Amino acid sequence: MERSQLATQLGAYIAEKTGATRVEILRLEQLPGGASRETWRLDVKLVTDGEEKRQSLILRRDPPNVHLPGQRWQEFELLRVAYDAGVPVPRVHWCESDPRYLGAPFLIMEHITGETIPRRLLRDDIYRQARQVLPKQLAQALAAIHRIDWRASALANLPAPPGNQPASLFELDRLEQLYRGLSPDPHPVFELAFRFLRHHAMWEERRTLVHGDFRLGNVICGPEGLRAVLDWELAHVGDPLEDVGWLCIRSWRFGRDHLPVAGLAGREEFYSAYEEASGWKIDRQRAHYWEVLGNLKWGVITIIQLRGYLDGDVADVERASLGRRTAEVELELLCGMKGASS
Amino acid sequence: MQDRPTVNELLIAVQTFLEREIVPILNGRLQFHTRVAANLLAIVRRELQLRPAQAAQEWYRLAALLSKQHDTPPATPEVVAQEIRQWTEELCEWIRLAPIETLQSSEELWRHLELTTQEKLAVANPRLLESSEIKTSAV
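Same order as they appear, the protein sequences are chains P and X.
The working numbering puts the first residue of the first sequence at 1, with every later residue one more than the last.
The working numbering puts the first residue of the second sequence at 1, with every later residue one more than the last.
Hints in this document: simulated from the structure, not taken from any laboratory.
All values derive from a computational prediction rather than experimental measurement.
Among the hints, a few may not be true.
If you only want the chain P side, here are some residues facing chain X, beta carbon under 10 Å, derived [as the list claims (entries may be wrong)]:
1. Arg27
2. Gln30
3. Leu31
4. Gly181
5. Asp185
6. Leu192
7. Arg195
8. Arg227
9. Asp257
10. Asp316
11. Glu318
12. Ser321
13. Glu330
14. Lys338
By construction, the Cβ of each residue, glycine as well, lies at the ideal position given by its N, Cα and C atoms.
Same shape as in the complex, but just chain P (with noise of 0.2 Å):
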């Protein structure tokens, strides 16, 4: 769909939705990054009766030949749920699984101002604030999400593991069958690694929401600090630690290796203010455990991207790099399992 049919469909959808008389797309430019998902800035004016309304809005579409699971109606919820926990997320005006709109699924939030990109707040001067404040803010934001009551109706639908296996267990099986299903080459790392983490895996103590991309790059920051929460459309029901873990992975550092904690913290450090507002001790084992399980996770949407760019017939320079960073992955968990078993 191009980008004035684009604009004149949106215009439509939003006056249909909100009763104006007159929409009219100021603004509407799609966002860097977002390999998964599709994110335009949209400004509109509101024209209702001779009243005229501003708003600044966020557009989240599914492109084509995109194998992620997740659908759009469950992000709309979580958000929802989310925002009345106490959880820093936008709010969410509207939601359409139908593709006759925009040819796409997709969704319509509130527009929070502020950084996105990880490497400008690791590195430039403006954020050297955020970046004291931003470890406990992460801990306690992410501790406020593992709180969320996730048998509440609204949530019903995520996916959860059966009781009678480990959360890790079914998060292999689902990475597993993503692999097999996807995977264009072989990777014996992976296989090593599949089996490594199946031996040992282990119980958590308790099943909690998982947001499932909890990292920089998927938060809204100011010079003060932590604005936003965003990207739910991993979240599932599992092991609190699988979040902690994720946000430990190599390539959520962007460089900074000696702060394994998303470039900004030791471990310790984060672990501690977590503790701090959760009230729960973490399994220093079991986050190892999870670290490398993101690792190969993290390894799968690789290829899962890769996959994405060969089905497709758009010239995708970002997703096909991506199939060139399955070997960082590779590289990342031949270190963390030797650092387990040793």
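Chain X: place on chain P using the hints.
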């Protein structure tokens, strides 16, 4: 025989053009994707340079690991690549079925996986390899 510039020199020309002339005048998504595109050309250049030696090394390691009755790699690169792929699939099958204790203690297996991973990274991301501890442990 083709005249200069060589394939590598042509790729350098395009990569440098993107990095020096195009990236600075763009912003946002296009600038990011242009950087990624220039990096992909760098990957292609390294692969063209390293592939023959890497393929031979990987072939010899797999032949030893899987006890194949071969002395030297086939003459054509395509056949070498086919055999590497087929043997790597056999290796995957072995990893899926072998006792976990065997996998954890097989030094030949770990050494092959480390070296193969290093060879991939020498093409895809040599800087990561330089900063990694596994390089010194395996080489």
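Hint check:
1. Arg27: With Cβ-Cβ at 13 Å, over 10 Å, it is violated.
2. Gln30: 6 Å, holds
3. Leu31: 7 Å, holds
4. Gly181: Violated: closest Cβ of chain X sits about 15 Å from Gly181(P), beyond 10 Å.
5. Asp185: 8 Å, holds
6. Leu192: 5 Å, holds
7. Arg195: 6 Å, holds
8. Arg227: 20 Å, violated
9. Asp257: 7 Å, holds
10. Asp316: With Cβ-Cβ at 8 Å, under 10 Å, it holds.
11. Glu318: 6 Å, holds
12. Ser321: At 5 Å from the nearest chain X Cβ, Ser321(P) passes the 10 Å test, so the hint holds.
13. Glu330: Given a least distance of 5 Å, the restraint on Glu330(P) holds.
14. Lys338: 8 Å, holds
In summary, the numbered hints that this structure violates are 1, 4, 8.
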